[in-house]
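> What follows is the residue order along each chain.
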Amino acid sequence: MNSLGRLFAVMGKELRQLRRDRLTFAMIVGIPIMQILLFGYAINTDVRNLKSAIADQANTHLSRQFISDLKQTQVLDFQYVVETPMEIEELLRTGRVSAGIHIPYDFDRRVIDGNRFAAHLLVDGADPTILGVANQLSSMRVNFDSWEAPSESAGSLEVRPFYNPERRSAVYVVPGLIGIILTFTMMLFTAVSIVRERELGNLELLINTPVKTVELMVGKVVPYIVIGLIQLGLIVAVGQLLFNVPLRGSFVDLYLAASVFIAANLALGLFVSTIVKTQFQAIQATIFLIMPSILITGFVFPFDGMPKVIQYIGEILPNTHFIRMTRGIMLRDASLGDMASELLTLVVFTFVAMTAAILRFSKRLD
Amino acid sequence: MKVVSTDLAIKARGLSKNFGNLAAVSNLDLEVPRAMIYGFLGPNGSGKSTTIRMLCGLLTPTSGSAIVLDTQVPGDTEALKPRIGYMTQKFSLYGDLTCIENLRFIADIYSYPRERKAARINELIHKYDLSAQVHQFTRTLSGGEKQRLALACAVLHEPELLFLDEPTSAVDPKSRRDFWASLFELVEMGTTILVSTHYMDEAVRCHRLAILDQGTKVADGAPAELQASTGMTIIEVQADNPARAQALIKRLPDVASVTQLGLKLRVLIPDTTREPLSHVTRALSEHDIQADAKEVPASLEDVFVAVTQKKRAPENPE
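Respectively, the protein sequence lines represent chains A and B.
Taking the numbering used here, the leading residue of the first sequence gets 1, the next gets one more, and so forth.
Taking the numbering used here, the leading residue of the second sequence gets 1001, the next gets one more, and so forth.
The reader is advised that the hints may include incorrect statements.
Straight line, CA to CA, 27 angstroms or less: simulated BS3-like cross-link-like pairs of lysine-lysine [stated by the list, open to error]: (1) A:LYS363 with B:LYS1250; (2) B:LYS1011 with A:LYS363; (3) B:LYS1174 with B:LYS1250; (4) A:LYS277 with B:LYS1090; (5) B:LYS1294 with A:LYS212; (6) B:LYS1127 with A:LYS212; (7) A:LYS363 with B:LYS1117; (8) A:LYS212 with A:LYS51; (9) A:LYS363 with B:LYS1090; (10) B:LYS1250 with B:LYS1294.
So these bits of chain A aren't anywhere near chain B, every CB distance computed over 12 angstroms [what the hints assert, rightly or not]: (11) ASN2; (12) VAL10; (13) LYS13; (14) LEU122; (15) LEU200; (16) THR355.
Label-pair ranges, simulated between beta-carbon atoms [what the hints assert, rightly or not]: (17) B:GLN1309 with A:THR278: 49 to 57 angstroms; (18) A:THR278 with B:HIS1287: 53 to 61 angstroms; (19) B:PRO1074 with A:THR24: 32 to 40 angstroms; (20) B:ARG1013 with A:LEU15: 44 to 52 angstroms; (21) A:SER3 with B:LYS1090: 49 to 57 angstroms; (22) B:ASP1029 with A:GLU315: 28 to 36 angstroms; (23) B:ASN1044 with A:TYR41: 57 to 65 angstroms; (24) B:THR1140 with A:GLY95: 22 to 30 angstroms.
What the hints contain is simulated information worked out from the structure, not anything from laboratory work.
Beta carbons: idealized from backbone N, C-alpha and C, even for Gly.
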């Protein structure tokens, strides 16, 4: 069939060019690995070894026991031992510590009293993550080593983190990161593709051949789906090796979801490519579109916590749906069937973006 | 060289294209007979490329229309694509693909029959002397090699009509000669070629040509016809001091143009002037300028100067 022949010709050409473009080729492997290392190690809500100060004014057996228990949590690293709470404040203000514990003279009596707080935890509230850690610490009870601990106070909730019991952030970050990496690389590939041919003059030749717009567009998208799936394999493998990120659900489901998601981004990139005039503009547009894909898709901030308007915008972005699916499949052992609406949304998005790109592309110069 | 008027590859009527306020092509009528080399001669910006692009269906005319190979333009130009070949002014094949890869890509894009594909590509490689460059990336080819490859790609699918937009602007004279030889071969096999150029020596090789200036056709016909009907007498003046002679002749009434070519001056005088030769010689001797003047046949360059002068004359009262 002629149409299929032309489609394969375009695909073959794209793959050849891609193989010879060393920088792009390096990007296919380099971007995922660099990002996963950066995000995996740097984004860490699981805080340990906070620089802290301690002012133990009680200096009793009980207070020393309490300090030793705090040390065992490894959350605080007491780098400064000072005399007064004022000194802790000074250390906080100058930024040398992020937290400080002040144990007052009457610590023992306060502990027995039970109605009053036994000690003070002073924290740098400017950092919400540290504040969150402080809230966790505040629930810690003083361990009376020889006596029986008082009965648990009623009404307090016991948190049981499902799917990620160790609360390791990499487990949560990596599935979302797949979406970010694929959005960035896939969109970039196709966003420059048409405009590059235009800039290099190839397009004038191409539009004078019998190639159909659909063949050209599909031919430019399909090879990159394969590239995207290779990237996905790479991220999942590195995530498992370095960060022990599980893949609890089906491998096939993950690949299926990713294929549609990749197609959605490629189609969006292609649409961008039909609008911009230069490759530089294409890159700018990609960066403009990648920001919301990071910020309002539930990757960094919980989706439900965002204002309704932002949520509506977020629902339009492919990454929102993909992150839900990857977290579901990788962490919760959900199947695609459980998230059919997410997949369907991506299919619709791909179809709309592809149609828009095909309609916008004209085999004319005017 | 009989022209059968009913057998036209291209027939355009009132073709115009405006880009904003600029009239790139205005009211162009064109008749290109089949199996001929038809030339577009004109300086940069005269509307050659714009006209070619309109005829291919790449640009929509602001007004006017054409019939290209029995297809209405503007109209279903997609049906036209398999029947025409187009060699762009700028090299437009893929620089990061080799010669053979480009040829194969073009063959597949034009759905060239698979069983004949390899043989056809092989034939073109030999015909256009690209054997040594088969596996070379095209961005590393020389100007002449690029041009031969571009022509090979443009004719691969055996088009009936070939558009060549300034095909020789980046190649040396030897390559140009070979290139034109291959064009005549194509014409012998029945291909119609429309070629744009700004070289006079190329224009003179065309069977017919149209001279374009600022978007309008100022003359058309066979080169010999055009040379015979300039409406000007061409006088060649060989002077000891060409600069002085030129300054003098320029001031004379009825002189359309003076151009210096080496030590010689070419003077164009409208046929309406009586005794044009003595008009010049008298003036030269009156001013004691040693010079030989004689009437010579018009070259294509003279034609070009004559027709563009004529056109500008009313706007430029001197």
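> Work down the list of hints and note, for each, if the structure agrees.
We went through each hint and held it up to the structure:
no.	hint	result
1	A:LYS363 with B:LYS1250	51 angstroms, violated
2	B:LYS1011 with A:LYS363	23 angstroms, holds
3	B:LYS1174 with B:LYS1250	37 angstroms, violated
4	A:LYS277 with B:LYS1090	18 angstroms, holds
5	B:LYS1294 with A:LYS212	61 angstroms, violated
6	B:LYS1127 with A:LYS212	30 angstroms, violated
7	A:LYS363 with B:LYS1117	26 angstroms, holds
8	A:LYS212 with A:LYS51	64 angstroms, violated
9	A:LYS363 with B:LYS1090	18 angstroms, holds
10	B:LYS1250 with B:LYS1294	17 angstroms, holds
11	ASN2	4 angstroms, violated
12	VAL10	8 angstroms, violated
13	LYS13	5 angstroms, violated
14	LEU122	62 angstroms, holds
15	LEU200	7 angstroms, violated
16	THR355	19 angstroms, holds
17	B:GLN1309 with A:THR278: 49 to 57 angstroms	42 angstroms, violated
18	A:THR278 with B:HIS1287: 53 to 61 angstroms	59 angstroms, holds
19	B:PRO1074 with A:THR24: 32 to 40 angstroms	38 angstroms, holds
20	B:ARG1013 with A:LEU15: 44 to 52 angstroms	46 angstroms, holds
21	A:SER3 with B:LYS1090: 49 to 57 angstroms	29 angstroms, violated
22	B:ASP1029 with A:GLU315: 28 to 36 angstroms	58 angstroms, violated
23	B:ASN1044 with A:TYR41: 57 to 65 angstroms	59 angstroms, holds
24	B:THR1140 with A:GLY95: 22 to 30 angstroms	58 angstroms, violated
Hint compliance for this structure: hints 1, 3, 5, 6, 8, 11, 12, 13, 15, 17, 21, 22 and 24 are not met, and every other hint is.
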